[in-house]
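There are 2 protein chains.
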Amino acid sequence: MRINKTIALGTILASLSLGAAHAQSVDPKLVVIDARQSFMSLVAFYSAPLGAMDKGSMPYDAAAASAAANQIVALTSLDQTGLWEAGTDRAYDESSLALSALWEPTADLNGKLAALRETSLALQAAAGTDLATMQTALASFNDTCKACHGDFKFKPPK
Amino acid sequence: MRINKTIALGTILASLSLGAAHAQSVDPKLVVIDARQSFMSLVAFYSAPLGAMDKGSMPYDAAAASAAANQIVALTSLDQTGLWEAGTDRAYDESSLALSALWEPTADLNGKLAALRETSLALQAAAGTDLATMQTALASFNDTCKACHGDFKFKPPK
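Chain order of the listed sequences is X and V. Heads up, the first sequence is in the numbering used here, so the first residue is 28 and it goes up one at a time. Heads up, the second sequence is in the numbering used here, so the first residue is 28 and it goes up one at a time.
It is possible that part of the hints are untrue.
[Unchecked claim] Mimicking SDA-like on lysine to any residue, the simulated pairs with C-alpha atoms at most 20 angstroms apart in a straight line are:
#	chain 1	residue 1	chain 2	residue 2
1	X	Lys82	V	Asp54
2	V	Lys82	V	Gln162
3	V	Lys185	X	Lys182
4	V	Lys56	X	Ala79
5	X	Lys182	V	Val53
6	X	Lys185	V	Lys82
Don't read these hints as lab results, they were simulated from the structure.
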């Protein structure tokens with residue numbers, strides 16, 4: 028099952044603004060899964076210019092690189108607590124790509140989220156310097172993405 | 028058609044981290060639509076505690092209310108330019124709920140986004156004061172949501 032974002036969002040907004048009781052009809056765990064995936068989508072969206080500069084498909088532009096990194100930091104600085112609620116893994120619902128093992132203590136989820144934020148701050152500091160400096164910081168940032176996605180994100184069969 | 032977020036995100040991340048040429052295979056306008064909906068989902072997600080306090084389904088908590096408003100401001104302070112790219116309306120693809128009229132000059136999209144940010148800043152200032160003050164500011168914030176959703180968001184037939 029995949030959560031219908033339109034319905035979920037409409038229901039949440041309705042409950043916010045109209046005081047309706049509809050929010051109870053949406054599984055809160057599916058809302059968390061959707062919010063987490065929304066977070067990931069936005070990080071990817073605002074990272075795209077840096078990826079394009081890194082690959083050379085867009086010329087390096089210090090101001091644009093800094094602006095992109097600022098957006099990434101705004102996102103990685105969000106309170107992540109609710110986005111990673113236990114029990115919102117793929118074992119609960121297959122709309123989730125997060126494997127259950129991510130919530131084992133040895134996976135150090137909080138450490139991974141801290142690393143994501145730290146490398147995004149380093150990226151923010153580096154982005155406007157020059158292309159090579161940005162690329163090095165972007166590589167570290169991407170490594171923190173991969174550190175989690177490699178072992179803890181479901182890979183669909185090819 | 029509805030964009031497959033998993034595929035889109037995976038493709039973007041692959042293009043970022045692996046230098047692959049896959050990004051060209053995803054329609055950039057569908058990526059914008061997905062990012063915009065992700066933004067809306069996150070605003071709703073982080074607003075939910077304030078809605079619950081407003082309705083009385085959660086006791087008012089000044090620190091929690093302030094924390095929620097801080098997250099909302101972080102989101103409404105994101106650079107919205109790319110999220111509202113012209114041509115990403117429902118006339119382009121029905122995964123979009125944004126009606127074409129939103130991009131008419133008379134709709135004043137930028138003014139609506141500015142109002143969203145301003146009322147979120149007022150909400151941030153008010154959230155930790157007391158329940159009534161938070162409720163008044165939340166109502167103004169919700170009004171800016173409705174000012175756009177009322178006329179410019181597609182309503183599915185009931």
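Holds or violated: are the alpha carbons of Lys185/V and Lys182/X at most 20 angstroms from each other? violated (37 angstroms)
Lys185/X and Lys82/V: Cα distance at most 20 angstroms? Outside the cut-off at roughly 47 angstroms; violated.
Given hint Val53/V paired with Lys182/X - CA-CA distance at most 20 angstroms: Holds: Lys182/X and Val53/V sit about 19 angstroms apart, inside 20 angstroms.
Agreement of Lys82/X and Asp54/V with the hint, judged by alpha carbon distance not exceeding 20 angstroms: holds (19 angstroms)
Satisfaction of hint between Gln162/V and Lys82/V, Cα-Cα up to 20 angstroms: holds (9 angstroms)
20 angstroms limit on alpha-carbon distance, applied to hinted pair Lys56/V and Ala79/X: holds (17 angstroms)
The structure is inconsistent with the numbered hints 3, 6, although it conforms to all the rest.
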